[in-house]
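**Student:** Since the structure of chain A is provided, determine the placement of chain B on it from the hints.
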Amino acid sequence: MEIGYSDSRLNRDKRKILVIEDEIINRMILENILRETYDVVFAETGAQGLEILNEQFRTLSLVLLDLNLPDMYGVDILRQIKADAVTAVLPFIVMTADQEAEVQCLNLGATDFIAKPYPKPEVVLARILRTIELFEGRDLLRWTERDQLTGLYNPEFFFRYAAQFDDRHPDIPTDALLLDVNRFHILNERYGKAFGDEALRHIADKLRKTLNDAGGIVGRRGADAFLAYCPHRSDYADLLRQINDGIEKDYHARVRMGVYPNADRGIDMERRFARAKQAADKVKSSFSGAVGVYDAALYDKESFNEQLLEDFAAAIREEQFTVYFQPKFDIRSEKPRLCSAEALVRWNHPRLGIVSPGIFIPLFEENGLIREMDSYIWEKTARQIRSWREQFGWTIPVSVNVSRIDLSDPLLPKLLEKVVDKAGIPQAAFLLEITESAYTDDAEQIVGMAKALRESGFRIEMDDFGTGYSSLNMITTLPIDTLKLDMQFVRTAFRDKKDMRLIEAVVSLAHSLGLATVAEGVETEEQLQALKALGCDIVQGYYFSKPLPPEEFEAFVRLHKDTEV
Amino acid sequence: MLTMDALRRFGANTEEGLGRCLNDEGFYLELVNMVLGDAGFEKLAAALEGKDWQAAFEAAHSLKGSLGNLALTPIYAPTSELTERLRGGREADYAALLTEILSRRDALLALREG
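Same order as they appear, the protein sequences are chains A and B. In this text, residue positions in the first sequence follow my numbering: the first is 1454, and each later residue adds one. In this text, residue positions in the second sequence follow my numbering: the first is 62, and each later residue adds one.
Each hint should be verified, as a subset may be incorrect.
[What the hints assert, rightly or not] Facing chain B, from chain A, some residues (calculated, C-beta under 7 Å):
(1) I1478
(2) N1479
(3) L1561
(4) Y1571
(5) P1574
(6) E1575
(7) R1661
(8) T1663
Hint data in this document are derived by calculation from the structure and do not stem from the laboratory. Where a beta carbon is used, it is the ideal one built from N, C-alpha and C, also for glycine.
Looking at chain A on its own, in the form it has when it is part of the complex:
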């Protein structure tokens, strides 16, 4: 008789029933009746039954319990299960020929009885189904609650059980923990997915053991993050050391931890763990003793971000976002010539004043609001280009940002065509800046999208080159028109003279691929001359002008149009 189960055997479409019965003939009769409809797990003794219950109770739909077992009485098993708050929710059907025991079992919380000798199979099945359905109204879909790889709870059920913990222990303060494997993607890339999976399983086991001992529950979220909910403790350094012990040596991996201590029960579970995540992100680059704690500073930041998200709709409605334009100069000829501009968003918040895009753009990217904001900026910019054409008789090309989220929309080329058509400007006047890091998300998809956009007549500038994992592969496979050197990359190069050679190399590589180069962040005459000498085509920066509101940009154009600086 098989005891227990392995995940691979588990048929996920069937509910699972544990039968605790010592007589083989009875087990065989029951198995024959049940196996069509259910996954059946058997225990021959009370001890085995309890073991399986403790390990698998979350995936069980029902327990059929024989009262006379060789090692212990069924009523004692029932008593133990009902005393444990978590297992107490399982429905039990007691199998007995003894009517006195029935009363005792009812008092202990048994849900139903099946007499011995067994009634007709249809009756057995009907009673079981009715009991399961009765209980599932309260506790749905147990069999999908585990993550396949690690056997830990998936987030949905993890949150459910964490909430259950709160309900049952209203007076025990708890901590929300988020554990993240440092640089897991590198592990996967370097040693292969099978190794990565094995590492995750091992880490999951370690977490389960360590945190269950601490009285907590553990779940898995996303590829390489784990959630835990534990009774409060003041220090997690030892616990994290225990977890990391061995993992580091065997799997070249290290786990960092974010703690949101004494989690506020007034806020929802998701949010408690979002706080733990912020705490974990605080120690992202730390190598030792990596426990981050959610504190007042993080709270302030979170409140501020929330404020911004809340204010987004009003900001669009009341046109609080304004577009600034930073002039770009062509420096190939003797004298620099105003050739185009970059559209940059500013948020003029009614209470907070000017909010830096460095704060709200990453926030909106995370929340998907960036698409709405980008569309808004594109339309404003297109109308502005049109208006200047009427004013100056010159179509000034302007580059706009296209975030990585926009790029995943297959309808993006159509959307952008509509924007330029509506404003009555040519595609060539709309330069699309896509960020370098988008390429690392999904290279194939980005390449396809860039091709489609160029076929629609748009020109593409690769923004922020030199900041992230710049790869030569990217600039040779991605169909772009211009390479834009990141401001920080340019500044660092000037500060540390030997890096000038790096700029020179990038510029000459770009030229050999037929790409134009734009340098951002140019502040001095010296820098301008150096970039010119290196063969850079276009520059922008405070040396010429900071980003300007439309009316000031107009004045700037009047001053520089057709004249050389």
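**Tutor:** Just chain B now, kept in the frame of chain A:
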């Protein structure tokens, strides 16, 4: 070899027993064969011999469960009665019931061999 007919003649409620086996005759007969070889009969006899009433009760109770489910009424009825009598754990003369149980088991075994 045991047949459904032989079991019926023996006095088993084959309709009921077979019903529990989803009317699978082969499966039912297999289980009947199993219970005939059940060491519980010998355990029961030894426990009664040694006046270990608790062990005797447990053995009788277990047998009763299997016999009942297979509806082997001629063996089930005395086993059931013995179980109830042993429940209190009192000393009494159980020899007649034991003899009845074993002789009927043996009769069925003889049917199988014959």
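**Student:** Please go over all the hints and tell whether each is borne out by the structure.
**Tutor:** Verification of the supplied hints:
1. I1478: Status holds, d = 4 Å.
2. N1479: Holds - the Cβ of N1479 (chain A) comes within 7 Å of chain B, reaching about 6 Å at its closest.
3. L1561: violated, 20 Å
4. Y1571: Since the shortest Cβ distance to chain B is 6 Å, the answer is holds.
5. P1574: For P1574 (chain A), the interface hint holds, since the closest Cβ of chain B sits about 6 Å away, which is under 7 Å.
6. E1575: violated, 9 Å
7. R1661: This hint is violated: R1661 (chain A) lies away from chain B, its Cβ roughly 38 Å from the closest one there, beyond 7 Å.
8. T1663: violated, 42 Å
In terms of the numbered hints stated before, the structure departs from hints 3, 6, 7, 8, listed from lowest to highest.
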